[in-house]
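**Student:** Protein sequence lines correspond, in order, to chains H and U.
Reminder that position 44 of the first sequence reads as 44 in this note's numbering, one-by-one numbering, no gaps.
Reminder that position 383 of the second sequence reads as 583 in this note's numbering, one-by-one numbering, no gaps.
Incorrect hints may have been included.
What the hints assert, rightly or not - The calculated DSS-like cross-link candidates involving lysine-lysine, where the alpha carbons are at most 25 Å apart (straight line), are:
no.: 1; chain 1: H; residue 1: K107; chain 2: H; residue 2: K178
no.: 2; chain 1: H; residue 1: K191; chain 2: H; residue 2: K178
no.: 3; chain 1: U; residue 1: K346; chain 2: H; residue 2: K191
no.: 4; chain 1: H; residue 1: K107; chain 2: H; residue 2: K122
no.: 5; chain 1: H; residue 1: K191; chain 2: H; residue 2: K107
no.: 6; chain 1: H; residue 1: K178; chain 2: U; residue 2: K363
These are computed hints drawn from the structure, not numbers from a lab.
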Amino acid sequence: MNKLVSPTAPRHAVRPTASVLLVSLLSATLMACASKVSLDEVPVTDRSNAPTAPVSPLGQGAVNPQAQGGAAPSNEVSPVQVTQSGDVQPAQLERVVYFDYDSFVVKPEFTAMLEANARYLKADPQRRVALEGHTDERGGREYNLALGQKRAEAVRRALSLLGVSEQQAEPVSFGEEKPAVNGFTESDYAKNRRVEFTYR
Amino acid sequence: MAGSALALTALPMGLTHAQFRVEVAGVGLTQFPFTAVAFLGNDVAAHDMAAIVRADLERTGQFRFVEPLAGSLDENSRPDLTAWRGRGTDSLLLGSVTRLADGRFDVRFRLWDVVGARDLGGLSYPVSAADLRLAAHRIADQVYEKITGEKGVFSTRIAYVSKVGPRYNLWVADADGENARAALSSPEPIISPSWAPGGSQLAYVSFEARKPVIYAHDISTGRRRLLANYRGSNSAPAWSPDGKQLAVTLSLSGNAQIYAMGAEGGEPRRLTTTTSIDTEPVFSADGRHIYFVSDRGGSPQIYRMSAQGGQAQRVSFQGNYNISPAPSPDGRHLAFVSRVNGAFRLHLMDLASGEVRPLTETAGDESPSFAPNSRMIIYATRDKGQEALMTTSLDGRIKTRLAGAQGDIREPEWGPFAR
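All chains should be built: construct the whole structure from the sequences, respecting the hints.
**Tutor:** Quick look at the structure:
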């Protein structure tokens, strides 16, 4: 950024001085490119071949002099793509526990289902299950994530009492992000307050 | 990289032309009358500088546009200020666009105080074609600051998440919602984006590994670092103001608890030790405290503790559901969401007095985040599953709405001032 002098001054007096720097930075940012990330490769680091020192031409050249000096944010955005994968689930098992509103208690009607899953896990110590906690859509996303975790943890404790090892069952939460049904009635909400067993 | 290029073009582009629409509510607003004359030579550029500046200023609700007098002027002109005063404008923006020999554009402006008959100064921005909008936003920032005395935020950026069909995208857009570009595209949810100080990185929670995991993402290069992938859930990242550490929520103990971890990784240090839910940590502007949500008292409420952990003081007292604390960068206010008669509404607390007032009359407000000048709040609102982003002034009177061209948009986070 260059301060303009009074309107009567000749135009060449205010020519920008940062052109060389700007051009080199611009060409660096233009090289940034998209890349694909497969789920199989998670955790992901350094997926892009892009250069490491992008600087916005204006960020460097146009802020007032006192504010200069730090690494200016680039206006470039390099997109990252994530692709999907699926796991085959054992067909013979019931795999969902439902919860009452604002409740984390595993109801007695799910005892048989929990026992069947516990038997399946104990039959092969290599089997792994994710206990995926969910809430209905009411309330904040992060708070619901914590509530879903509480439901998943309740199911993990129930499995633990049935002799399933900690290593085989990981309690995780999706909060309100993956409703089983999209709707806004109490019966829709009831179908979304759940823990799903996903075998991996 | 042919495959990558294909993937890029396959991104849904419906949101790239989104724009905030102003909905000014209430009366008695004092608005600054201003005029921006079409920049001389603007025909050589793809964007209308004066129009972008005008839209930026009008969107604040603090400015009223006055149609210009006939005739072409630029930053070198000496306008007849008596005539402009007669027109009823207080401020006059003049400028020009010139194509440079290297293909870039030189965008210049000068601002006149019409009432005081003063030249308020001018600047020159040599920019690439891709940065023409940014140059216009920077001019709007200059005009806003000269006239109101507050720093403008038009050249800052916002991050948000869209859900279109089964696809989730994390977007980075100009503060006016234009120029949106996808930083991440995934078949699984993305939540809780958090800008690093300086604005080059975002931390966020991605479910792409079929569980919530925290990444730090350099948005200009697309480089990602796995920040936290511990047993259970990893969520709610928030950077410290010095950028050296993050507060996060982990469930290593079985319940959601708050931890601090280095921005470059390393062992998390537990900051809360309860059997309740402790989550949504966020640093105060001075970095000395962490605001967070806990149900230790029986219902979710906002608390404050030292950034080192330890004793917490309860901050929210009205109602039985207060979540998503967002402190203002100037340290004066706390925005949060409170449930009132079943409606989730954005509220604002004056931290000095503890006084709380609602800023909206909607029922599904979420995820507030302050503009870096502390003058506006961006938040998401949803009604029967339809989601949009809103901005509001701190008195709640001036609101703007950004709706996705298709699908839902949510989880806004206002980026910092460019360094």
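**Student:** Are the hints correct? Go through all of them and say.
**Tutor:** Status of each hint after checking the structure:
1. For a cut-off of 25 Å, the pair hint linking H/K107 to H/K178 stands: about 22 Å separates their Cα positions.
2. Note on H/K191 and H/K178: the hinted pairing holds, with a Cα-Cα distance of about 11 Å set against a maximum of 25 Å.
3. Taken as a hint, the U/K346 and H/K191 pair is broken in the structure, with Cα atoms around 56 Å apart against an allowance of 25 Å.
4. Between H/K107 and H/K122 the CA atoms are separated by roughly 22 Å; this keeps the pair inside 25 Å, and the hint holds.
5. About 15 Å separates the Cα atoms of H/K191 and H/K107, which keeps this hinted pair within 25 Å; it holds.
6. A threshold of 25 Å between alpha carbons decides the hint, and for H/K178 with U/K363 the separation of about 12 Å falls inside it, so the pair holds.
Violated hints amount to a single one, hint 3; each of the other numbered hints is respected by the structure.
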